[in-house]
Amino acid sequence: MKIDKNTTQKIARLCKLRVNNEEIEELSLQLSSILDWVEQLNEVNTEDIEPLSSVSTENLPLRKDEESKKDLSKEILSNSPENLENFFVVPKVVE
Amino acid sequence: MKNQSISDTLKLIKSKKISIKELSNNYINEINKNKDLNAFIYFNEEKILERAEKLDNMKEDLPLKGIPLGIKDLFCTKNMPTTAGSKILSNFQPTYESFVTKKLLNSGALFLGKTNLDEFAMGSSTTTSFFGNTINPVSSENKKLVPGGSSGGSAAAVAANLCLGATGTDTGGSIRQPASFCGVIGMKPTYGLCSRWGIIAFSSSLDQAGIFANNIQDASILMYEMAGYDPNDSTSSNVEIPKYHDNLNSNVDGKIIGIPEEYSLPGISDEINQVWDKAIKVFEKGGAKIKKIKLPHTKYALPAYYIIAPAEASSNLARYDGVKYGFRSENISSLEEMYELTRSEGFGKEVKRRILIGTYVLSAGYYDAYYIKAQKVRKLISNDFRDAFKECDFILTPTTPSPAFPIGEKEDDPIKMYLNDIFTVPASLAGLPGISIPYGTSKEGLPLGVQILSKHFNEQEIFNAGYYLEQNNE
Chain A
92 MKIDKNTTQK IARLCKLRVN NEEIEELSLQ LSSILDWVEQ LNEVNTEDIE
142 PLSSVSTENL PLRKDEESKK DLSKEILSNS PENLENFFVV PKVVE
Chain B
7 MKNQSISDTL KLIKSKKISI KELSNNYINE INKNKDLNAF IYFNEEKILE
57 RAEKLDNMKE DLPLKGIPLG IKDLFCTKNM PTTAGSKILS NFQPTYESFV
107 TKKLLNSGAL FLGKTNLDEF AMGSSTTTSF FGNTINPVSS ENKKLVPGGS
157 SGGSAAAVAA NLCLGATGTD TGGSIRQPAS FCGVIGMKPT YGLCSRWGII
207 AFSSSLDQAG IFANNIQDAS ILMYEMAGYD PNDSTSSNVE IPKYHDNLNS
257 NVDGKIIGIP EEYSLPGISD EINQVWDKAI KVFEKGGAKI KKIKLPHTKY
307 ALPAYYIIAP AEASSNLARY DGVKYGFRSE NISSLEEMYE LTRSEGFGKE
357 VKRRILIGTY VLSAGYYDAY YIKAQKVRKL ISNDFRDAFK ECDFILTPTT
407 PSPAFPIGEK EDDPIKMYLN DIFTVPASLA GLPGISIPYG TSKEGLPLGV
457 QILSKHFNEQ EIFNAGYYLE QNNE
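Chains A and B supply the protein sequences, listed in that same order. One gets the numbering used here by counting positions in the first sequence from 1 and adding 91 to each. One gets the numbering used here by counting positions in the second sequence from 1 and adding 6 to each.
Simulated from the structure, these hints should not be mistaken for laboratory data. Warning: the hint list may mix true and false statements.
[Claimed, not checked] Just some of the chain A residues that point at chain B, by a computed CB distance under 8 Å:
| # | residue |
| --- | --- |
| 1 | C106 |
| 2 | S124 |
| 3 | V135 |
| 4 | T148 |
| 5 | R154 |
| 6 | S169 |
| 7 | P182 |
A virtual CB, placed ideally from N, CA and C, is assigned to each residue, including glycine.
For reference, chain A alone in the conformation it holds in the complex (with noise of 0.2 Å):
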């Protein structure tokens, strides 16, 4: 698959990645060389061949619902780059 630089770009901002102009061309070339070689699956019938999304043995286990009365906050809070008042603080959203 040949990916052009408007499709990363696109990639790019589904990601919330910004992506240079001088990366933008190595990056394209890149992603296409990679997309290119994982290809070679099509060579492989997988005609009825469910997919396998994970290897655990394990059943989902069920717990107790059960209310847990802990005050984390500061803990919780303790490594955000701005906090304020038992809140996180991010750039102004609204006008």
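Go by the hints and put chain B onto chain A.
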């Protein structure tokens, strides 16, 4: 002190021939002498000695009391920062301890520090860390080699005797490949044996914790202490963990060893195949039967992996947004800009590449063609192994297609770098346990390794086969 085993060290401590503090000082000296290897990216002498003193004063007997370990900097640790080798987590201080490291601490282990890794465990060379390259201790003065990756710091630390063991994580080969490059033992257990709780996520359906050690006995002791059920990880298995080290048995008489013909690749150097042949012959000498087996979809394991792992990574790494923890860009005027600049400045090249690939293969219109297709191929690979293990007790292969390579090589071509994991990825996709055991050397005298794989939760079989090979390493 060189190559002291864990059981010998425990005896010395117990008989008071050495205090844990003295032992720790010896290792602190070794780490300081080998700073240029950059195996440890966090190391605090005061904290080590504090913990050592506490353990010395403790009356209680513990199974790993005073054993000095390195911890891959992907495990969240309450008393040490945790970075995943990334700028985006360069100031992160976890407020809780991962399940695996908590178990080790409860067993009395002494953590010397956090070891270097490829950023978010994405790589095969430990050259993508924000904190610089780790150097393979087997390097010569004028030719610096990679330790492999992603757990390169842990492998290098054990190889250079900077600790008695080290934790690692393996998603597609990140324990076995660096173990082979550095000449130590590296064990990745069955998916689900060790809890993933508190391990920074890369590809959740593949990530699994494991161990580096100098010998099979040490590896089996550490594996036992790390494994176990954790209700906080829904894929953690509630199985009984055998005391691997008490059950070690090097008798391979009558065992059937599968040799997959698909692992004889064109273009792989003779030295790799020669070491493989030699290991086969040594097993035959011990009475094992050799059985040629077929794993027909082996060739497609790497391309399937390079869809599945980046897809899961792109989703897991969406959490690094500069809001709740980690680095935040300073040049921001809007929320959108905060996200984009934080992530663009915070992630390195390889991580960004994988996020982009992952986002693409999960995006509308491509999801079935890439992601679902890869999962179907994963099923076929898993079936291949299921069928193969009907005919054999374990599978023997080389661990890597080459010995350690110079730092800087393969950097310009992602696919060339990915090919390092050609022999380790298939078992990862099937969730199987595997070990790399140092075996033989290249023409240049660099360590090589062979890989032993077995059925799910058959770690004992692997340790036993490894025990035999270790004792018959001519």
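Cross-check of the supplied hints:
Evaluation of the C106 of chain A hint against chain B yields a held restraint, the C-beta minimum of about 4 Å falling below 8 Å. A cut of 8 Å between beta carbons decides the hint on S124 of chain A: the least distance to chain B is about 7 Å, and the hint holds. Hint on V135 of chain A holds. Least Cβ distance to chain B is approximately 6 Å, under the 8 Å limit. A hinted interface residue such as T148 of chain A counts as satisfied when its beta carbon comes closer than 8 Å to some beta carbon of chain B; here the least separation is about 6 Å, so the hint holds.
A distance limit of 8 Å between C-beta atoms decides the matter here; for R154 of chain A the minimum to chain B is near 7 Å, and the interface restraint holds. The interface hint given for S169 of chain A holds, since its Cβ lies 6 Å from the closest Cβ of chain B, which is under the 8 Å cut-off. Hint status for P182 of chain A: holds, given a least beta-carbon distance of 5 Å to chain B, under 8 Å.
Checked against the numbered hints above, the structure breaks none of them.
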